[in-house]
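Peer 1: From first to last, the protein sequence lines are chains A and B.
1 is the number of the first residue of the first sequence in the UniProt record's numbering; add one for each residue after it.
1 is the number of the first residue of the second sequence in the UniProt record's numbering; add one for each residue after it.
Worth flagging that the hints you see were computed from the coordinates, not collected in a lab.
Since this is a predicted model, take the numbers as computed values, not measurements.
One or more hints might be untrue.
Chain copies aren't distinguished; within one or between two, either way the pair holds.
[Unchecked claim] Within a straight-line C-alpha distance of at most 20 Å, the following computed DMTMM-like cross-link-like pairs (lysine to aspartate or glutamate) qualify: (1) Lys47 / Glu134; (2) Lys4 / Glu58; (3) Lys4 / Glu44; (4) Lys88 / Asp129; (5) Lys24 / Asp129; (6) Lys4 / Asp197; (7) Lys79 / Glu92; (8) Lys41 / Glu76; (9) Lys47 / Asp61; (10) Lys153 / Glu137; (11) Lys77 / Glu91; (12) Lys119 / Asp145; (13) Lys153 / Asp188; (14) Lys190 / Asp42; (15) Lys131 / Asp198; (16) Lys88 / Asp61; (17) Lys24 / Glu148; (18) Lys207 / Glu84; (19) Lys131 / Asp197; (20) Lys131 / Glu148; (21) Lys41 / Glu138; (22) Lys88 / Glu76; (23) Lys119 / Asp197; (24) Lys139 / Glu44; (25) Lys79 / Glu91.
Residue strings, one per chain:
2 protein chains.
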Amino acid sequence: MVVKVHGPTFTAATRRVLACLIEKGIDYDIVPLDLLNRAHKDPEYLKLQPFGVVPVIEDGDFTLYESRAILRYYAEKYKSEGTELLGKTVEERGVVEQWLEVEGQNYHPPIDTLIVHLKVFPKMGVPADMKLVEESEEKLAKVLDIYEERLSKSKYLAGDFFSLADLSHLPATEYLVNDIGKDYMIRDRKHVSAWWDDISSRPSWKKVLQL
Amino acid sequence: MVVKVHGPTFTAATRRVLACLIEKGIDYDIVPLDLLNRAHKDPEYLKLQPFGVVPVIEDGDFTLYESRAILRYYAEKYKSEGTELLGKTVEERGVVEQWLEVEGQNYHPPIDTLIVHLKVFPKMGVPADMKLVEESEEKLAKVLDIYEERLSKSKYLAGDFFSLADLSHLPATEYLVNDIGKDYMIRDRKHVSAWWDDISSRPSWKKVLQL
């Protein structure tokens, strides 16, 4: 069964899902959505994703949204195929879940604000709120200091194995490093920098960036 | 092994964890933390939870933080004990994960803002930002409209079974209904109201409120 992924390939959430499907060796078809023409608010789309955001997947007659839920679903459904992304024990999975939550709650939100104000707004001619930009950068710096400490003790976030916890960080970090001139936030931290070089050089991520 | 839960029993995140432990029949000891005296910023506590928030659990020499990660860990570790909270199939678990993410990303944040501005700030003599309160209520109303539609088709969020997805909504909804005078947001929606009556009358939740 080929998985249909509804969503443009430039959004962080869609990229997160695609990276997972590629790591697991799952076939997919991308169904592009024209966000500029508000295709994500179209009644047909809202039947699949009532919140009107991307992505949503269709796998036969099973549909699922929320990118991190989709990651977990495929990592569990195809546990023994492709890269093992949930750890080997229930404790390892617990730690994967912990860092996946940290990514969703603490890491992604300040980067999302930076992207909106430093990349999206300028394109639309809307002035950035520089106080909010500064606050978001401060929040992110504190989070990254904790990551630096963590990654000085283990190669990846959940331990010495690459997992969904790391994978989920790829899209936002890519924007941070290569799109909005904040690469120093990663590069000034030795262990975070080495971790980023490692995870961003995975063939799955390179393939996502080519889509 | 008795699970140590570090955190005061009035915070939403600690209550979420306690409700899960009680549903699964797991013994726990609560280690109170004096947030007013900033015990959560104490170096000893930060060794357990580097972000300085509650709760964190200690289970033998295994420690874990992020309340929704702790829920998943115990629901999976003791899958066949107490209430089944993750569904029976990988698809059911996928949908549980979807609504658990919706709770964490869309439902909890606006309620958290309402609690801070309508309950915490008044106690501290800090004026509430009423524009932010209004925006948060609007956001929450849109989310609740989607819940109303969903709950008109299935008894619980993930299907016809109570799961972590529902359980995770208990603490914030309790504050919304009983502490900040916004009960009409639940009561004005027939299916959401019936769902709240159902999940909030579970013995596990009544026990959490007595702690």
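Peer 1: Confirm or reject each hint.
Peer 2: These are the hints, each one checked on the structure:
| no. | hint | in the structure |
| --- | --- | --- |
| 1 | Lys47 / Glu134 | neither (38 Å within a copy, 28 Å between copies) |
| 2 | Lys4 / Glu58 | within (5 Å within a copy, 41 Å between copies) |
| 3 | Lys4 / Glu44 | within (15 Å within a copy, 48 Å between copies) |
| 4 | Lys88 / Asp129 | neither (44 Å within a copy, 47 Å between copies) |
| 5 | Lys24 / Asp129 | neither (40 Å within a copy, 47 Å between copies) |
| 6 | Lys4 / Asp197 | neither (30 Å within a copy, 38 Å between copies) |
| 7 | Lys79 / Glu92 | both (14 Å within a copy, 16 Å between copies) |
| 8 | Lys41 / Glu76 | neither (31 Å within a copy, 36 Å between copies) |
| 9 | Lys47 / Asp61 | within (13 Å within a copy, 46 Å between copies) |
| 10 | Lys153 / Glu137 | neither (25 Å within a copy, 43 Å between copies) |
| 11 | Lys77 / Glu91 | both (19 Å within a copy, 8 Å between copies) |
| 12 | Lys119 / Asp145 | neither (25 Å within a copy, 32 Å between copies) |
| 13 | Lys153 / Asp188 | within (18 Å within a copy, 51 Å between copies) |
| 14 | Lys190 / Asp42 | neither (45 Å within a copy, 26 Å between copies) |
| 15 | Lys131 / Asp198 | neither (33 Å within a copy, 44 Å between copies) |
| 16 | Lys88 / Asp61 | between (30 Å within a copy, 18 Å between copies) |
| 17 | Lys24 / Glu148 | neither (28 Å within a copy, 35 Å between copies) |
| 18 | Lys207 / Glu84 | within (19 Å within a copy, 39 Å between copies) |
| 19 | Lys131 / Asp197 | neither (30 Å within a copy, 43 Å between copies) |
| 20 | Lys131 / Glu148 | neither (26 Å within a copy, 37 Å between copies) |
| 21 | Lys41 / Glu138 | between (34 Å within a copy, 18 Å between copies) |
| 22 | Lys88 / Glu76 | both (11 Å within a copy, 13 Å between copies) |
| 23 | Lys119 / Asp197 | neither (23 Å within a copy, 45 Å between copies) |
| 24 | Lys139 / Glu44 | neither (38 Å within a copy, 22 Å between copies) |
| 25 | Lys79 / Glu91 | both (16 Å within a copy, 14 Å between copies) |
In this structure, the earlier hints numbered 1, 4, 5, 6, 8, 10, 12, 14, 15, 17, 19, 20, 23 and 24 are contradicted, and the remaining ones agree with it.
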